[in-house]
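Novice: Each chain is listed here by its residues.
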Amino acid sequence: MTQAFRIENGGLINREKKLSFKFNGKTYFGYEGDTLASALLANGVHLVGRSFKYHRPRGFFGAGVDEPYAVVQLYRNGETEPNIKATEQELFEGLEAKSVNCWPSVNFDIGAINNFLRIFLPAGFYYKTFMWPKSFWYRIYEPFIRKAAGLGVASTKHDNERYEHKYEYCDLLIAGSGPSGLAGAYAAAKNGAKVILAEDKPRFGGSLLTSDVNIGNQSGKDWADGIVAELKTMPNVVVKNRSQIFGYYDHNMLVMSEKVSDHLPSTKKYHPNKRLWYIRAKEVLISSGSIERPIVFGNNDTPGVMLSSAAKEYLKVYGVLVGRKPLVFTNNDSGYETAIEFKKHGVDPVVLDSRKNPVSEIIDEAKNLGINIKNSYVVVAAQGYKKVKSADIASISEDKKQLGKIENVQCDCICVSGFWTPTIHLASQSGNKTKFKEEIDAFVPGQSKQNEITLGAANGVFSLEETLKTSFTAGSELSKKITENDNKIAIPNVVEKKSSQHDKFWCVPLPKGKNYKRFLDFQNDVAVSDIEIALREGYRSIEHVKRYTTLGMATDQGKTSNLNGLQLVSEIENKVVPAVGHTTFRPPYTPVSIGAIVGREVGKHSKPTRKSPMHSWHEKNNAVFVDAGVWLRPRYYRRGNENLFEGSKREAKNVRTNVGVCDVTTLGKIDIKGPDAAELLNRVYTNSWLKLPVGKARYGVMLREDGIVMDDGTTTRISENHYHMTTTTAQAANVLSHLEYYLQLVWPELNVNVVSTTEQWAGAAIAGPKSRDLLQKLFPNSDVSNGGLPFMGYMEGDLFGVKARIYRISFSGELAYEVNVESDYGNFMWEKIIEVGEEFNIQPYGTEALSTLRIEMGHVAGSELDGRTIPFDNALEGLVSKKKDFIGKRSLQRSAFIAEDRQRIVGVVPLDKQTSIPEGSHLVKDDKAPLPNPKLGHISASCWSVEYDNPFSLAILKDGKNMIGQKLFAMSPLKNKVIPVEIVSSHYVDPKGERVRS
Amino acid sequence: MLYINCPHCGMRSQNEFSYGGDASVKRPELNKEVSDQEWDDFVYNRKSLRGKHLELWQHISGCRQWIKVERDTATHEIFRTFKADEEVA
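Protein sequence lines, in the order shown, are assigned to chains A and B.
Using my numbering, read the first sequence as starting at 1 and increasing by one per residue.
Using my numbering, read the second sequence as starting at 1001 and increasing by one per residue.
Chain A with its partners taken away, still in its complex shape (with noise of 0.2 Å):
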């Protein structure tokens, strides 16, 4: 293919390089430095797309950020990706596009039959049609708009490229690296502030790139090269291209999306693709620049209908012609120095300005290049389907409001200007209120907010001199404030033409007897008649038509229809714009992948992962892990074939029979220290804790302020100012914030320190009838006899050397102890005492199997102290003393707390003994009554009793005091079991708890 609309020389592109991409299934070529978009245009490709509704063939709008029309499905290397704007998307050799929202192809779409049908599909179409009967949403009216619905398919794929984010601080940040964002930094840099110049483009220099302008006897470009060149060498500035600062929040923090690899055919060895940048800057420079708006005609969305701005880009960047007969349609200069660039390539435009008789030197320079210019002549609508083939265009009256006679002229594409508007979006963010300013119809930023200032074409500034000067001012003001150098700057001389005063006119009125589609929003389908349809019906806010006709909601955020939106409502109601208002600002300016925002933190990096100094011994020892939270546990130690339930069982049946060992390092341990103590733990527990003597442990419950259960464990003091808390696994940073918060916001008068000891201890519970004999083993000069370490006794022992702290103590009900040691020595710890536990048949056990233990023993664990429950619901309101206060105590005096029908823990047995109760079942009194049958508790924790061999569960039941030797039923909707089953205690093992004291 040739790139019949390159021409022979000029633009920034690289003609040594020479890139093949296909696009839908054709194989093109274009330069490096290209764009998908440029290089289809240069290879004469003006359909790319179908439009949102109505299916109807879509172009080229812009020629960045701000296109409406030509969103693609992007392959590379393997991958798919949807939402690409070709305008954005920069050519790599092998790049492959498709058109999206087109079936079965782009030039033979069948849902372009709604564009037959658009008299039945106005504003609020889908809102009044899909309301009724209920039952067809899901069958049919779902489907039917999710098939048309979507820009794009997204990967079903894992995602194996890299993204990354990073924290940066800056004294000045600068978005945009126009003329102004270029003065801003240098002056700034030169004063050794801390600069960061951010760019969305490949190329820098903003609107220099294709201006006419001089500026210190350079070209404007020229300029802008030497001033980025310089700003590269210091190294108190940081240039960054392809990255875009997409969102301003809270205390001057901006985010930046950087394209570290989309621009290449596949991502760089340890290179992200993307790169998120959270930046801290003392102030910000927005330097946004502006976006040029259309002029709204008939038919304005036929391909081939673009922004001057973009003719020109295309042109001058990418040297491209994006036709041989344009048809220059403006209502200001902007549109001449477009004509005149064609011109200047040969090409013959015809520009229509909807001025009377404007004077500048921009339009004598026209004048003087031979252009055709008809004045007070406007488009009327673009003629053609797939491609401007003709306009009818007309002379209009001075008020805007008759049309003369229309007459046919033959183009290929139609270049409107209608004008700049600011792009505001960033001040915006930062909570600065915007102002109208009527000479430029737009809205621009207001009294600042944040560390904020707005220069240049993104303050409604559109003059380069004005714009230099104040930017140069701005960079040295703000930076000096911060450095406090003051390096003075010239500010060069500036050479550019002067513009005339630009037509407040935006819409080109309907001909007699003719009906044209004029569209506002190009990417979602919103006509004028839309917009007047939502007056209509009485929506009046603006935040209420954008969401009822959709203005401005798509992709690119209405960034080029949004003002004429707000004109059209204006004009209608009758107010001033600035009346009308326009719809809030929200963070992304553009899309941002989600790889991006989620960075590094994805599959197994999405949460810490936590491991015991055991870990290798499990591991190797087949222990299959379960997460506890952020910590990896083993869940049982598979022997053979076993699955959970044999595995879980075998082992909770040898600590009932032999002795087991169990990892406890993942418990919450707090190291208290202090005169006071034994106060603190006074007040924080429920029981009683001045009179516990050293080497003794206490298990405790602690309370939230409004009497729920917060957490439970035993706490052991170690010396006479010197204790051992431990917590559960899910609740030890918590409790942890929890003590702090009393000890220095409540009672700064305790003399107490806590710090968690959790990763400085190695622990493991060892249970079962033969662990004293096992323990005597382990430390033989201890006396760790009845007598000498009795049930919920504490004493430090000798490891074969290594000092350890040995608590009686039991979670399984059994004879149990707990050893710690420092966690350097737990795997030592941890081998010797299955080493000379190997002669009383110990074996490892996990999670399960612990479940297992407690539950039969009725001991409660987090699914019954689950932020719902009070001691009384647990059975463990002994350990509430009526003696003394302490946190939480005041609720337990509640209505409902004390209601005589309380719910309790009770056990749970299926009468058939045996079919497990799936947790989280509902018991209720009967199985046949209408739904909603009333709950009367839940199933809390299920196990199979290895002690009785049934089944057996926990409850947290309505009035279980008085239940238990009832029947009732449990039933899980989920499961869809119904089972009939008898309360019993929970209880069920060793009632009297004599095993712990044997």
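Hints are computed from structural coordinates only; laboratory data are not their basis.
Only a predicted model underlies this, so the values are computations on that prediction, with no experimental measurement involved.
Be careful, since some hints might not be right.
[As the list claims (entries may be wrong)] 20 Å max Cα-Cα, derived PhoX-like pairs, lysine-lysine: (1) Lys325(A) with Lys374(A); (2) Lys882(A) with Lys1032(B); (3) Lys975(A) with Lys913(A); (4) Lys504(A) with Lys691(A); (5) Lys449(A) with Lys1032(B); (6) Lys221(A) with Lys497(A); (7) Lys889(A) with Lys928(A); (8) Lys889(A) with Lys1083(B); (9) Lys343(A) with Lys504(A); (10) Lys504(A) with Lys356(A); (11) Lys884(A) with Lys1032(B); (12) Lys1052(B) with Lys883(A); (13) Lys975(A) with Lys935(A); (14) Lys975(A) with Lys691(A); (15) Lys889(A) with Lys1052(B); (16) Lys935(A) with Lys977(A); (17) Lys386(A) with Lys221(A); (18) Lys469(A) with Lys504(A).
With chain A held as given, fit chain B onto it using these hints.
Specialist: Chain B in isolation, oriented as in the chain A frame:
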């Protein structure tokens, strides 16, 4: 993301802190008779102010100190920060 001046550590990003609610709430003294109304006000009832609000934050990923932050709940402006034991005038 807020930028909070920890009185112990200096300016730190919000993601180092956890929020602790209204700092003007005073816990009734221990062992004191408290009416239902007083206790409910302490445990549950909060003003949820729009505007200047004195609130608690804990610098959990830093010095672990609880601090008081005077912040505008509507604009997120932070006026002053205090140590736990500092009186707020």
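Novice: Compare the structure with each hint and give your call.
Specialist: Going down the list of hints, with the structure as the test:
1. For the proposed pair Lys325(A) and Lys374(A), the alpha carbon gap of about 16 Å is at most 20 Å, so the pair holds.
2. For the suggested pair Lys882(A) and Lys1032(B), the alpha carbons sit about 14 Å apart, so the restraint of at most 20 Å is met.
3. A hinted pair counts as satisfied when its Cα atoms are at most 20 Å apart, and Lys975(A) with Lys913(A) qualifies at roughly 19 Å.
4. A C-alpha spacing of about 87 Å is found between Lys504(A) and Lys691(A), which places the hinted pair above 20 Å, so the restraint is violated.
5. Taking the CA atoms of Lys449(A) and Lys1032(B), the gap is about 48 Å. The hint is violated against a cut of 20 Å.
6. Of the pairs offered as hints, the one joining Lys221(A) and Lys497(A) holds, with about 16 Å between alpha carbons and a cut-off of 20 Å not exceeded.
7. Proximity of Lys889(A) to Lys928(A) is assessed by CA-CA distance (about 41 Å); at most 20 Å being required, the pair is judged violated.
8. For the suggested pair Lys889(A) and Lys1083(B), the alpha carbons sit about 29 Å apart, so the restraint of at most 20 Å is broken.
9. Of the pairs offered as hints, the one joining Lys343(A) and Lys504(A) is violated, with about 27 Å between alpha carbons and a cut-off of 20 Å exceeded.
10. Note on Lys504(A) and Lys356(A): the hinted pairing holds, with a Cα-Cα distance of about 12 Å set against a maximum of 20 Å.
11. At most 20 Å may separate the alpha-carbon atoms for a hinted pair to count; Lys884(A) and Lys1032(B) meet this at roughly 11 Å.
12. For a cut-off of 20 Å, the pair hint linking Lys1052(B) to Lys883(A) is broken: about 41 Å separates their Cα positions.
13. About 17 Å separates the Cα atoms of Lys975(A) and Lys935(A), which keeps this hinted pair within 20 Å; it holds.
14. Between the alpha carbons of Lys975(A) and Lys691(A) the distance comes to roughly 50 Å, so the proposed pair goes past 20 Å and is violated.
15. Distance restraint check for Lys889(A) and Lys1052(B): the Cα-Cα separation of roughly 32 Å exceeds the 20 Å cut-off, and the hinted pair is therefore not satisfied.
16. As the CA atoms of Lys935(A) and Lys977(A) are separated by approximately 15 Å, the hinted pair is consistent with the 20 Å bound.
17. With a C-alpha separation of about 36 Å, the suggested pair Lys386(A) and Lys221(A) falls outside the 20 Å cut-off, and the hint is violated.
18. Proposed proximity of Lys469(A) and Lys504(A) is contradicted: the alpha carbons are some 28 Å apart, above 20 Å.
Consistency note: the structure conflicts with the earlier hints numbered 4, 5, 7, 8, 9, 12, 14, 15, 17 and 18.
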